[in-house]
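Listed below, chain by chain, are the residues.
2 protein chains.
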Amino acid sequence: MNGAHALLETLMESGIEVCFSNPGTSEMHLVTAIGKTDNVRSILCLFEGVVSGAADGYARLSGKPAITLLHLGPGYANSMANLHNARRARSAIVNIVGDHAVWHHQHDAPLTSDVEAHVKIHSHWYKFTDSAEDLSMAGAEAVSASLSGAGRIATLVVPANHAWESATKSYDRIKPEPLSEVPISTLDSCTKLLNNGRKTAFVLGGRALHEDTLELAGRISESTGVTLLGETFPARLQRGAGRVPVARVPYFAEQAIDFLAEFEQLILIGAPAPVAFFAYPGVSSTLFPDNCMVSSLAMPDEDILQALTDLTERIGAPNTFTAQPAAKHKVSSDELTPTTVGQIVSLRIPENTILVDEGISSGLELFVQTQNAPKHDWLAITGGSIGYGLPVCLGASIACPDRKVVGLQADGSAMYTVQALWSMAREKTDVTIVLLNNSSYNILNVELHRTRAGEPTEKTLSMLDLSNPTIDWVKIAQGMGVSANTVNTVAEFDHEFSRAMDTHGPHLIEVILEQQIGAAIKR
Amino acid sequence: MNGAHALLETLMESGIEVCFSNPGTSEMHLVTAIGKTDNVRSILCLFEGVVSGAADGYARLSGKPAITLLHLGPGYANSMANLHNARRARSAIVNIVGDHAVWHHQHDAPLTSDVEAHVKIHSHWYKFTDSAEDLSMAGAEAVSASLSGAGRIATLVVPANHAWESATKSYDRIKPEPLSEVPISTLDSCTKLLNNGRKTAFVLGGRALHEDTLELAGRISESTGVTLLGETFPARLQRGAGRVPVARVPYFAEQAIDFLAEFEQLILIGAPAPVAFFAYPGVSSTLFPDNCMVSSLAMPDEDILQALTDLTERIGAPNTFTAQPAAKHKVSSDELTPTTVGQIVSLRIPENTILVDEGISSGLELFVQTQNAPKHDWLAITGGSIGYGLPVCLGASIACPDRKVVGLQADGSAMYTVQALWSMAREKTDVTIVLLNNSSYNILNVELHRTRAGEPTEKTLSMLDLSNPTIDWVKIAQGMGVSANTVNTVAEFDHEFSRAMDTHGPHLIEVILEQQIGAAIKR
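Chains as they are written, first to last, in numbering that gives the first Met the number 0: chain A, 0 to 522; chain B, 0 to 522.
Just chain A, same shape as in the assembly (with noise of 0.2 Å):
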């Protein structure tokens, strides 16, 4: 058995399933040794900012690590970006980096670059092996570790010639670093806080926004008036009619401070306290007002679970909760927008659709249509390093190949990784693209005006405008292997949509938005 084999065996072992892949030579000991088991999915992605992407998008919906198969520092880097949203999403993933035979570096030959200064940017935990026979322990710990807590980034590098010297699979499963307990104390300084009459909000995030946490919150929320706020951009808010509602902090920061301007009291329940996203001139970066008080009740890393349990028994909270009505139905208007497509969406979806945001501009209006839409996941960009959509709806798919993804998706956004259509294609996931076009930086015209920059010339904005020329999705998608059209109203985005949600298999529907750019500087 080589290197690679004791490896691939030992992360078998430690419940690995999945591999999304961009080897190069490097890495040819590994893809061989893939290919010999049917036990690891492997998928090939065209370009590593999918593979990371697709990577977070699969531990968000399965709370387990794939791993990934990237190609020395270069191939790394192209994976960091998104690597970056998975670190904020709390995501677990295992990259494995092929690296050159460990004699070969001295040699500087083109590919070489400091590997470590690259991993150890986004990984709470990484290795670089010392032989052959450290591969087995070094991936039972890499799993271990990217199970730890809420979810990590392990990232082990392999030098070419261990995965191809002689080795044995020696280690089992190694248990992660579990949870940590709330300590009583504060479980004991909520309860006083939640009964000091103040006006208080939860800050809800991470762990705290799935279903079964969210029916603790409204409980306790029945029974002491908490108000229940969520993050802006949540890894996984389970919502939609019949869970438990929470109030998205907005993302503008003047809107988000009018928003909290209310609030004397927030306790962080798996959630950092509320902060702008950017700075701008003569704008507070913190949001909530400055004699509001922040308690925390739950770290990420924390059992928020059982800390909510505990404090609904100790308030004895009632086993009831205020759940989110059902849609009422109904589209507002005839006219082609992000609201009567968030409406549509919100009609046509089935139960238990997972909603990958990266709508950007449009996004804001289609998280207020599908409040009431049948139960749903709804995935944010949580680092906000745009390119995250596709490859995110890639990897939910492989996760949970029974559900409709569907993502909403904007035109400068999709184009970062587009590379994901391709594979969605080869592995016939269920995904549904809505990309909406408008042709714009939309969000960059709107913060342009926010940072106060000055009057923007029509050379300022061309460098904001993607209408020259205008982008085909259509083509682009067909082009890897994506069915799609095009839809110019209300009437024939229903008709698409709908047939879509009736019919397995990748598509995208491009949505042709008007520009807003003009709507945006007015602002």
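Read the hints as simulated data drawn from the structure, not as lab findings. Be aware that a few hints might be false.
Chain copies aren't distinguished; within one or between two, either way the pair holds.
Pairs of lysine to any residue residues, derived as SDA-like cross-links and limited to a Cα-Cα distance of at most 20 Å, are as follows [as the list claims (entries may be wrong)]:
# : residue 1 : residue 2
1 : Lys474    : Asn484
2 : Lys474    : Thr485
3 : Lys168    : Asp37
4 : Lys168    : Glu140
Just so you know, these numbers come straight off a predicted model, no measurement behind them.
Given the structure of chain A, go ahead and fit chain B onto it with the hints provided.
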């Protein structure tokens, strides 16, 4: 004047004329400043890997830096793979990275990351400004740093508040650090080496591969019989009919070892000693014989032109050299292969064409077939990081709008930074892409065999196969506004390529090659 304007004014005075950008909110003041001048051409790219690759191509042809505009850590991360290539090409680049306002970092907003850890990986020089008033000096320093030696990567990180706060343009152009002189003792010893009777080769790289330096090397060869070798993946090799030819060190280690076996002495001129691209079981990483003496005339940051001029004088080389004869103007077969494609390219390109090779497995043959084409520049993948080709075509064409650029591109590699096509269309660049579609990571099928990873299963091969679904490059190009067509025969390719040579503007020709997996495995 705000910091963004002060920076831009200083950059312009330092000679900056072009900005490749993929901006975000933190860069809005820089975008606004650029929007107010006609003296910096701003080229929007839809992915940061296109930005950095285009800046590389621009620098290789113009010898000058463009600025890039990148958005925080993740935006920079997306640019890193092509910065790796640019660093190996010794391209001068000035990265401008917008960062959060200084006070915003403490809040750990979603896009916060360790920007310094990113930028120091590939930047020879980097700086974070301490105030808006720093920006003018930092801009001048960055351009100076980028132009120092043979060419460097300089990265200036600009916190958003420095861009919008008040500043003055206080600095003028700063003189870059010049090339070092080659010591007389080195010239002495190389003169002796050329007369010691050993079988000798020059290994030429970087600046030594331009027309003027090659002529000097050719004259020395004429006088001494020294063989002229070129590094495998040059940043810019000036070659073709009438120029001094060099024999390229083969890519495959086994072939390179055979090729170099006859030499008793190598003299390095702007190139490293030949080493294998990857390590392989049982194959040496160094490619020259054990008893071969390796010396250096000039390092890349030394004045290669001067050193070769001096050496020519010392040995009293004649004023003559053996030039590459012109093409024999024929196509050897009716089969559409890299050989016949190369022959037609060789026949049809106009003088001074810029050939950008990312043909990967096909590229080796394309190099051979174009050696006696009309004189042209040949650009290669200096750092081995895939996805350099299309962006470098874009940047080269911006640098040289009056020259034809031909991208010799493989299907697998083109996908990494496919977004470059859109910028080519928008800027109406005169680029013809020859897309050699073999529906495969064909090179990896070869490497699979060479790494002796064992007999591949069907599943192993599927991890290197791009045929399911087959990528339709015509649709992808058209989707991004680039005209395109497919050819299946030699006659069709000749017709379409000839037409492209006679027509201005971007065009893609998809050349359908047979899959070569079988052939590769049989080797």
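For each hint, the structure was consulted:
For a Cα distance limit of 20 Å, the shortest separation of Lys474 from Asn484 qualifies both inside one copy, at 9 Å, and across copies, at 14 Å. Taking identical chains as interchangeable, the C-alpha atoms of Lys474 and Thr485 lie at most 20 Å apart whether they share a chain (10 Å) or sit on different chains (15 Å). Taking the closest pair of Cα atoms, Lys168 and Asp37 come within 20 Å of each other only inside a single copy of the chain (18 Å); across copies the shortest separation is 64 Å, beyond that limit. When the C-alpha separation of Lys168 and Glu140 is checked against a cutoff of 20 Å, the pair qualifies only within one copy, where the shortest distance is 13 Å, while the shortest distance between copies is 54 Å.
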